[in-house]
Structures are given as structure tokens and as C-alpha cells.
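As a plain string of letters, each chain reads:
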Amino acid sequence: MSWVTALWSMNAAACLTLAGFYLAVWCKQRQSPFYLLFSCSAIAAAAISLFELWMLNSRTVDQYQPLVRWIHVPTWALTLSFVAFVRLYLHAGRTWLIWSIYGLRTLVLILNFIFPVSINFTAITDVRQFSWGGQMVSVPVGTPNPWGLLSNVSLLLLLIFAVDAAIVVWRRGDRRRALLVGGSMIFGGVLAWHVPLVIWGVIDVPFFLGFTYSAIVAAMGYELSNDVARAAGLVREVEISEKRLNLAADSANVGMWEWDIVRDEIWITDKGRAMFGFDSVEKIDFHLFRSRLHPEDRESVLKAVENSLATGESYESQYRVLLPSGELRWIAGRGQVEFDRERRPVRMHGASLDITTRKQAEEQAERQRNEMAHLSRVTMLGELSGSIAHELNLPLSAILTNAQTAQRILRSDGADLGEVREILQEIVSEDRRASDAIRRLRLWLTKREVQQHSLRINKVVRDVLKLIRSDLVNQKVEVETELTPNLPAVIGDPIQLQQILLNLVVNACDAMASCPTSERRLIIRTGIENGSRAITVSITDQGHGIPEKNMEHVFEPFFTTKEKGMGLGLSVCRTIIAAHRGTLWATNNSERGATFHFRLPMTAPKKKEAIDNIGSS
Amino acid sequence: MNALQPTVFVVDDYAPVRNAISRLLRTAGFVVATFESADAFLAQYNPAACGCVVLDLAMPAVSGLELQEILAQSGSLLPIIFLTAHGSIPKSVRAMKHGASDFLTKPVNDEDLLTAVRAAIERNRAVRLEQAELSEIRARLATLTPREREVLEYVVAGKLNKQIAGSLGTVEQTVKVHRAHVMQKMGARSVAELVRLTQRCGIGGR
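Top to bottom, those sequences are chains Y and Z.
Take the first sequence: its position 615, counting from 1, is numbered 615 in our numbering, and each next residue is one higher.
Take the second sequence: its position 12, counting from 1, is numbered 12 in our numbering, and each next residue is one higher.
So that you can see chain Y by itself, here it is in the shape it has in the complex (with noise of 0.2 angstroms):
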């Protein structure tokens, strides 16, 4: 085989073999047309290289002829798919030169076929053979066609366009891309002349077209190598950072796990298992890990699930699981949603972290707030129990009057009925006060867990009213109420909840003792925060005031300035509003006496209708 078959082949053979690794890759990452774009390109500088050799080895006119018109073809797909690779692949190029380039060389392509011969000849006369590096090649004789300067101005275009590109990426500052792919364009570019120099014989030597691309082969080729090389070096980084991240997670005792979707398949950290009970090769799928789950946090679970799922939003749920020895672990799970490009959730992955002990520390602190909270409300209740005497000593008298009236009628003669009748309705409704007041009371006394009701602040200062009544007229106390109506509701435990008014209200009348009878006014405003989702109540009263040094020491356990009393009321009352993520603060008023404020966030509104009626008694 002669040198120049052997070079032509193995420039062709290049050009395909690059075609296939773009190819495959393209493959791969469908999302990048360029890749696919260059492979093309690569395919139609092959075809050329191989159009060359024929022509190369072509004795006659008759066999020359044909392949002067057809190369054409691969020519014109080289152009264009070359062009929208720089394009896509550089970022670069100018829009009108791409579509004047693109329109000028299909104009070439369908003139090539109108003229009797090609674009480049209007006849070809005869084949000259002549020896060229010791082999013998073939180049045409004949009359050059004027049109081929068409061809040679999209020739032009196109060197521009590269240089243009070329300039455009190096001063973005990707210098390696716009020598690489930039310089060996030009030199492309600026070696394809030698089509025209040929034709109109001024220099003499076979066609080489299909070599102007081989400079790109190489850099293009040099870029994939890099390409692979990075991807090599990814590849170990990515396993030293997920052995990195999986200590981590080990040693902050965290589970971490994925959740294929579309399989429904978990896998999981050896941590995680362990978390969760399952056994280092157990399969694990959704409905096995929705079965360790305590069944009442099964739904809540389910439903952040569902949640992240259908929104995206990242899933966060703490909820208990009951492993198969019977233990019960508190997990707090956190976790992102991946979707495909058609929105639709393919996988999960996250971490979940043993809260037991933080739960366990939690619930401890919850009961010993309780019992701090259960034994400052019986305390106040002691100091109360004038009040409450009252309250229970008014029922009870009108129904032994009552009682006592209804006898002396039916002893006598002619008994009037209908008002028997009416002290007996009078009787019923009595006693239904008192036993009110004796259910109010059981509540108050009742060491409890603390509820969690959604409630209307309204009520609960109406119903700590009635339950101080006495104690107000007995004081003199006069109180105004400024409830703002219809409130939206706030979660929390009722009794709670009134034990801080009561203790803020028997505060406030104390504050007010020494003042003159006319001037022990007392108000109780309830609204809503300004540009905030918190219900905002205030006691205001009209005694001596905080001596401001003492502003913030008044809420600390044992502080006090009364007489008797242990000093703890405000402070349990703080550490309450805490439990309901709220806040207690004082502050004095313009002109006398203090104000105590506290704050707490509204339910979500959606939720309102559900709870109303729960409220608190």
C-alpha cells in the first residue's frame, strides 16, 4: 500500500474513531448536544479524507467527476455541525455569521448539483497524474466555474467566525479552550485554501481537506483524554469524601439513606440499620421501614412524605420507631426529593439521627415543669380560697333558700304550684353552678399531662374572671376588658393557660392594694401582634409600678416583694409561656403602674374549624 493511501486511511480512521468515543459519550449524557454535534463532524471529515483518496487514485474524467460534485455533501455537514458544535460546546460564535455561513454553503450545495459538473469546474478536461513524494496522484484539468468563489466566500466566513470565537473564549479567560478548539479551527481553516489555490492551479498538489481537521482531532481528542482523567480523579475524591462523610455520619451517630423511588429500594448506613433494627443484609423497601414506625407517628410520617414528594420541600419528621426487641427509639429524619426532568420524585436521600436521650431529657424536664406548674397553681389556689369558697357558697345558698321557700309553700294550704315549680328550675340551675365551679376546680387541682388543645384566648381570660370574681369585689378592683373578637386560635393546655392570667391578675390586684379604692382599675386587652402570627395579651394596672432594677429579676424563682408568698409565681408563669414557645415580659407604664404582656403563636388557620370547640373550662 502507497504512503498516501496509508495516510489519507489512517487521517479517516482518526476522525471515525473520535466520531465513536463522542458518540458514546453523547450516549451517556444525552443532555449535551454537542457532543453529538462533533461526532458528526468527525463522521463528515472521515467521508472527506475518504472522497480525497478516491479522487487521489482516479485515472479518468468519467471516475473523477462524480466524486468533485459529491464531496460536496460531506463538506456541507462538516460546516454545519461543525459550526453548531463551537456554538454549543465554546459558548461562542456570532449569531448572523453562523446563519450566513450555514446559508451560503447550502447555496453551494444545491449549485454544485445545478452546473453540469460542480461549483468548483464547468469542465473537467482531463486527469494529470504526476508523482508527488514518489507515488503517483491524480488532479483534475479543466475550466474553474466563477460560482466557487461563492464556496470560497462561506470559506472566508467561516475563518472568521473562528477567529472571532476563538478571541471571545480567551478573553473570557478560558484560555486552554480557545487555543485547543480556537487555534486548531484556524488552522483548519486557513489550510482549506489550498482547495481554491488548487483548482485555479496555481499550486500543485492533491486535495488534503480531510487533514484540516485533523488539528481539531487532536485537540478535541486531547480534550477527552483530559475529560477522562478529571473524571478518574472525581471518581476517588467522591470515595475519600463519602468515606469522610460516612465517619462523620458514624461518628455523630447518624443513619445516613437512600431511597430509590422508582425501585423502592432503601439502602442504608450499617449505623442506620442498626437504628432502625434491620440486619446488615436484610432488603429493605418502604413498607419494612413504615413497619418499624410507632404506629401513632405512622401517619405523620406518611404525611411528610407525601408532602416532600408532591412539593419538594425538604422532609423533616421526629417520630418514634418500635424495633422488633420491643425497644422504643425517638429518630428525628430529615431528607431531599430528587425529580427527573419530568417532575417526577426518583429518589430520596437523607439522614436520621437517635434522639432518644434528647426526648427522654425532654419529657423529664416536660414533667417537672408540670409538677412545678401543678404545685404553684394549688399554692394559688390556697391564697384563693376565699374566692372559691364564695363561688360555691352562692349556689349553694340560693338552692337551700329555695329549698327551704318550696317546703313552707306545700305545708300550707292551697300550695301555688307554678312557683314550686320555678324555685325547682331555679334548684336545677343552681346546682349546675356549683358543680361547675367543683369541675373547674378538680381540673385546677389534677396533676396532669399537659393537653394540647387549640383554644380562644377570649375564653380563657373570661373564664379566669369568673374564677376570681369574688376576690375582685372583695379587693374593689375594677377590671376593663378590651378582648379583641374573633381571635384566631392558639394551641395549648387551658389550664395552663389560666393559671398565667390568674396569676398575672392576682398580681396586678396586689400591686394595687395600697392604692385608693376608686383608683384599682384593672385591664385585660387580648389582640393580635402587629405583622407577626402571635396572639398578644396584657394586664395593666394602676399601682406603684417595677422599679426598673428589678424589671427582669421579678421573673427569677424567689424573687419577691411580697410579704408572704414564695416568690415563684412569675417564674413558673415563664417557664409556661416557654412550653408554648411564647413569651412573658413586663413593662411599666407612661404614667403609673405596670404592664405584663405575653405573647403566643397563632395555630395555622386551616386548622381553626377543627378545634374550636375544645377551648378550655
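Think of the hints as simulated: they come from the structure by calculation, not from any bench.
Backbone N, C-alpha and C fix where the C-beta goes; we use that ideal spot for every residue, glycine too.
All the given hints hold, so there is nothing to weed out.
Not the full set, but computed from the structure, chain Z residues with beta-carbon under 8 angstroms of chain Y:
1. 14
2. 16
3. 17
4. 20
5. 21
6. 23
7. 24
8. 27
9. 58
10. 59
11. 60
12. 85
13. 106
14. 107
15. 108
16. 110
Since the structure of chain Y is provided, determine the placement of chain Z on it from the hints.
Then chain Z, alone, in the frame of chain Y:
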């Protein structure tokens, strides 16, 4: 308010108790008027009213004790029976000191209340009677001339006509005439009766 018929005025801010007591008293045959506050009572108060007041000790605004004070200042003769849920000793002492007729704790037994009301009304009747007599005597006293008044004072002090004449620097005969006028104007048939009448008005002899 009927000034002639004894009425029990019930003042209590708690309606069920107020109504029950009113009903009991009516059943027992009393005329009853109810008020939900001290102010409501004062608004309709007639100083000439007779009967008694059944008063709740702890009421908002004007309390029972304060109403008692107001009535005392205005010279009311109405006896007051206090009703209280928590019979605190200092308060009951204060109420009794200021002339409360009775001090009962709620729940109150019907007989206790009725007895107290009857006693109070009786007391009121007696006081009113006495008051009426007193004002009658005072009216008679007012008809005496200054000289006759002087003579009256000497007479009730047990002085003889002669002694009186000496003290006044006049003759016994003149004293006799004055003395006859005094006895006639005061409507006294004997010196002993004259002494009793003047003592009730707090007039002593010279």
C-alpha cells in the same frame, strides 16, 4: 316605697340568691322590694320607709358596709340584717358596732332569716313609735315661753314653788301660774309624768 306598710328591702348583686330570699320572705307574708346594688336601692330610698334591709356584705361598687354608713349618716331608722358568704369577724364586728340588726352567714336557714326579719321590723316599729312620741314631746316643749321653760326645769329638779320664786326673784303666786301653764301645755297630770317626759328629751332639772 310605701311609707306605712313595713317592707323588707333585699339588696344583693347575685340574682339567684336575691330572688330566693325575696320568694321566701313573700311566702312568709312580707312585702318585699329587691335591688341589685346599693346604688339602685339609694336611688329609690324614702327616708320615711319602714321595715328593714336585708343586705349582702360583698357587692361590687358600693359594698354593704358602705351602704350602712350612708344610711346611718342620712338618719335612717331602717334596721339592717347583713348576709355574708364568708363571715369575717372584723367585718361583722364593724357592722354590729354601726348598729346592724343582725349578721347572718350564707347559706342562711329560713327560720333564722325570718326571725331576724321579724325582730328587725318589730324593732323598727318600736323605734318609730318612740321617735313619734319624742317629736310630740319636743313639739309641746317648743310651745313653752322662756319663763315657763325655766320653771319647768326647776320643777323637774324637785324644787318647791317658794324656792323657785326665790331663784327667779319673783313671788310664789306667779310661779304657781307658770307651773299650771307648763303642766297644761306638756299634757302632764302629775310632776312624776312631767319628769318622765322631760327625761326622754334629755332635759335635766336645775
